[in-house]
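Student: Dock chain B against the given chain S, drawing on the hints supplied.
Chains S and B are the protein sequences, given in the same order. Residues 0 to 456 in numbering that gives the first Met the number 0 are what the first sequence lists, from first letter to last. Residues 0 to 263 in numbering that gives the first Met the number 0 are what the second sequence lists, from first letter to last.
Keep in mind the hints are simulated off the structure, nothing from the lab. Backbone N, C-alpha and C define an ideal beta-carbon position, used for all residues, glycine too. Any given hint could be a false lead.
[Stated by the list, open to error] Calculated from the model, a selection of chain S residues having no Cβ within reach of chain B, i.e. all distances over 10 Å:
no., residue
1, Gly-34
2, Thr-39
3, Leu-49
4, Leu-82
5, Glu-156
6, Ser-164
7, His-165
8, Glu-198
9, Ala-333
10, Asp-375
11, Glu-442
[To be verified] For lysine-lysine, the following DSBU-like pairs were computed, each having C-alpha atoms within a straight-line distance of at most 30 Å:
no., chain 1, residue 1, chain 2, residue 2
12, B, Lys-94, S, Lys-153
13, S, Lys-153, B, Lys-203
14, B, Lys-199, S, Lys-305
15, B, Lys-184, S, Lys-278
16, B, Lys-222, S, Lys-269
17, S, Lys-454, B, Lys-199
18, B, Lys-242, S, Lys-269
19, B, Lys-59, S, Lys-278
20, B, Lys-199, S, Lys-424
21, S, Lys-278, B, Lys-89
22, S, Lys-454, B, Lys-203
23, S, Lys-454, B, Lys-144
24, B, Lys-38, S, Lys-424
25, B, Lys-203, S, Lys-161
26, B, Lys-94, S, Lys-281
27, B, Lys-94, S, Lys-61
28, S, Lys-269, B, Lys-206
29, B, Lys-19, B, Lys-206
30, B, Lys-206, S, Lys-424
31, S, Lys-370, B, Lys-199
32, B, Lys-132, S, Lys-278
33, S, Lys-305, B, Lys-203
34, S, Lys-153, B, Lys-199
35, S, Lys-454, B, Lys-132
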Amino acid sequence: MNQIAASFLLNISSLKPANMTKQIIFAVALLLTLGVFAYTVFRLISFFKLTKPAFPVRNFGKRIMVMLNVAFGQTKIFRRPVLGFIHALVFWGFCVILIGSVEMVVDGLSGLERSLRFLGVVYDLIMGIGDIFALIIAISIVIFLFRRIFLHVKRFEGIEMKKASHIDANIALTMILLLMLSLLGMNTAYVAQQNTLNESIQGLFPVSAVFAGLIDNLSADQLHLMHEISWWSHILLIFIFANMLPYSKHFHVFMSVPNVFLSRLDPLGKLPNMDSVTKEVKLMMNPDTAFAAAPGDAPISRFGVKDIEDVSWKNYFDSLSCTQCGRCTAVCPANITGKLLSPRKVIMNVRARMNEKGPGMVKNPEYSDNKSLLRDWISEEELWACTTCNACAKECPININHPTLIVDMRRYLVMEEGSAPGELKAVFSNIENNGAPWQYSPEDRMLWAENLEMKVH
Amino acid sequence: MENKKIEIPVMADLFARGEKPEYLFWVGCAGAYDDRYKKVARAFAKILTYLDVNFACLGKEETCTGDPARRAGNEMLYQMQAMQNIEVFKMYEVKKILTICPHCYNIFRNEYPDLGGEYEVINYVQFIDQQLKNGKLKIDQAALKNIGITYHDPCYLGRANNIYNEPRNILKSLTTNLIEMERNKSFALCCGAGGAQYFKEAEKGEKEVFLERAEDALKTEAKIIATACPFCMTMMTDGLKYKNKEDEIKNYDLAELIVQALDL
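Bound conformation, chain B alone:
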């Protein structure tokens, strides 16, 4: 067994060489700057490399989609960000966008078209599910020793875009022990971070939302809480810390679980 170095292709470099990748891998601010979520970006990059996908990132030309600004009411700032991004996509003739963050996915897919930005937007759970279905990605179900996994639906994949089955298909390829929380799929409780809540203190109340949700997850007695969103990940991990369960129960992203199963 040997290690292979991965160089992530950057759009500007490819274009300088006259190459045009099939996919833009949109890393998102969390993937770029959040230490925990950087690992998820790395995991998905490994999967892309493993599958020989022709992709590139924007690197320092990437900028916020404008989602937190928009949902916090700053439509002006959102539209400025969006138009800037649409210009960059036009320059690189971007047709297909892969995202790991559900918020980036939602805004590209549903909201950029209003400003003239129309792309085929694919969330990484859809992409991985597709690769499992077409047989390019093969997972040994024994690799994770049939560990108990529960899945927390991110609002912006689930209710916002009806993506419920793909993440579950992925998890079922990893274990036969997928345990649903009582509130799941369209009934899933938000982690508490959406709509720019992540960036501010919660309003006063009796309880933090992420604790309420962490309790849902703990009730399943699963050993792994699988998430598919950077904000959900922070919230669920915080929940585990508050409950002093971080040693027994781990919070992983779906991409990380795939990488573990494939031992990449």
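Next comes chain S alone, as it looks inside the complex:
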């Protein structure tokens, strides 16, 4: 331990304190970034306060396992193996490169250079792996951009995919590409500069070392300038990107891991119980209370989901995490066969409707714009096309659950408005009257077993 501490002190004392102006500019940029981000976070919290409870978040052990498996293991995105693999590379690369970004913030504030280098071999590895991943991510992003711009991928089309959605996607990808190029530029300049000055290189840079060989004719000053430009571009891009993300579909970068941690843990086939209905049904079925007046103190709340104030915090969390990849819609039987329903649209509409109505409701809980999520954003035709097959939920790489929300909207339609396709109303009345979706008498329930014989061998 003493040795490590000693070498750390030695490292620090050997660092050249950089010009204080750099530190001041950096601190101002960081404060600005954090300030804008804090504003965004408070805005989102005020929106979350408008939502309804979903399920209690328990079972931390299981949640961590799901997170390691689905988020860090990227298991669900591998359901489409080729692009899934490319995405996984980008994700894993981000995780490593993030450590370097933290170092840059420490460096920027302290005026030190490569402040994490006291980690020794671990530092070498982090830098080395990050350097390789920077190239891999840059190549992956070029592939993604190429696919989006030149190949007509069906899953990126659809009524919900407006021009703005495509621009959003391409901006986010371009930002990531610039981030990787600036990172590689920074590493390359650093390696070349150290080589020119015959100084030791902190960390491993297998990719940038190759690039550095291409610019070894530049002077130490030129290389230093290149390093500074790359360093500042990289960190400022991170700051800008971080504040763009919450307003982009790429908010996914922040939200998807927590969203997976907060997954619904029930089997896909299970719909959540409506306890408010249980209470009413119990009152109805109890002969002592069946004909009594409804208790006056019962809070007036709506059955099901009509508008944004009825959705649960999890529905809203899902909508903020969705990156519009369209894997859900691509497997939806209704969508495949040309129906209006697109599970991706349902999730996107929750976010859009919150942006539309949320600010008004934050100021005044009674606020109304005479619109609602149901009908103005999501039509009955879409809702009734769902087969609750759960293909969408199974496919979603970050465990978004679409069918429960669709059923919640049907619950509003049926229980608050008595609205449903005619055939379904007939099914309801058959179940009520004769205990089956068809109009047959319970007396006939054993007809299937008449004259039943089997061969005895």
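Tutor: Same frame as chain S, but now just chain B:
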């Protein structure tokens, strides 16, 4: 060879005699009323009788689980049905429920517990698979002449409850020629009937879902489409009719295939 008459025991009669069966065989509305699916109920009853299983049905005391109502948004009606059923199960001290319909299975297993109804719920594919594994059920693999079979995963067994292997184990005991559709297991395409769609016209679109799925099945060139759900069965059979393939290709339920192989 002789024929043996099967009397399906009814819970109320057994209880009147002071007997209590091990299993409740929940027939479901399709098993009781749908002419095609009645045959599946009969087939599974034969298997139960063949295996000497101690079971009974509810007969006219059976009523809808509430699944189509629930998935169509009528939570009130669902809960009324569920509580009614839970009362009946309590009266007959039901502990184990055998179902042939995946929708009934799912709702008993996953949703009734929220209303206080906790049972050991067993789908018939799990039950048959178990009997094959413990050796009580022995199938001659040559009985069906190694015919090509493809299996359509019902959403409410597959994705909803992760039951993928049991039906395949059963089919592998019947043939060495099990051909998977391109979209299978958790990737399987819905037949188009779930979520109460069965009972209504589909919304307007370019194509019926069941045709899309029937095409998947036809591509395998299997001679039999095996299903394990009453709604899937109607949809796949309709698909075969639309494609004019009903003479060459047959749609059977897993229980029916077992009965054919055992020649019951």
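Student: The output says S:Thr-39 does not contact chain B. Does that hold with a beta carbon cutoff of 10 Å?
Tutor: 35 Å, holds
Student: Mind verifying the non-interface call on S:Leu-49? Its CB should be farther than 10 Å from each CB in chain B.
Tutor: S:Leu-49 is indeed farther than 10 Å from all Cβ atoms of chain B, at 23 Å.
Student: Would the pair B:Lys-206 and S:Lys-424 pass a check requiring their Cα atoms to be no farther apart than 30 Å?
Tutor: Answer holds: B:Lys-206 to S:Lys-424 is near 25 Å, not above 30 Å.
Student: Would you say S:Asp-375 is clear of chain B, with no C-beta pair closer than or equal to 10 Å?
Tutor: Answer for S:Asp-375: holds, closest chain B Cβ roughly 19 Å.
Student: Evaluate the condition: distance from the CB of S:Leu-82 to the nearest CB of chain B exceeds 10 Å.
Tutor: 16 Å, holds
Student: Regarding the assertion that S:Ser-164 does not contact chain B, is the least Cβ-Cβ distance greater than 10 Å?
Tutor: 23 Å, holds
Student: Verify the proposed pairing of B:Lys-132 with S:Lys-278, using a straight-line Cα cut of 30 Å.
Tutor: Violated - the C-alpha atoms of S:Lys-278 and B:Lys-132 are around 44 Å apart, more than 30 Å.
Student: Any Cβ of chain B at or closer than 10 Å to S:Glu-156, or is the non-interface label fine?
Tutor: 15 Å, holds
Student: Decide if the proposed pair is consistent with the structure: B:Lys-94 and S:Lys-153, CA atoms, cutoff 30 Å inclusive.
Tutor: 49 Å, violated
Student: Does B:Lys-38 pair with S:Lys-424 here, judged by a C-alpha cut-off of 30 Å?
Tutor: 28 Å, holds
Student: Hinted pair, alpha-carbon criterion (30 Å max): B:Lys-203, S:Lys-161. Please report holds or violated.
Tutor: Distance of about 23 Å is within 30 Å: holds.
Student: Between the alpha carbons of S:Lys-278 and B:Lys-89, is the straight-line distance 30 Å or under?
Tutor: 20 Å, holds
Of the numbered hints listed earlier, those contradicted by the structure are 9, 11, 12, 15, 16, 17, 18, 22, 29, 32.
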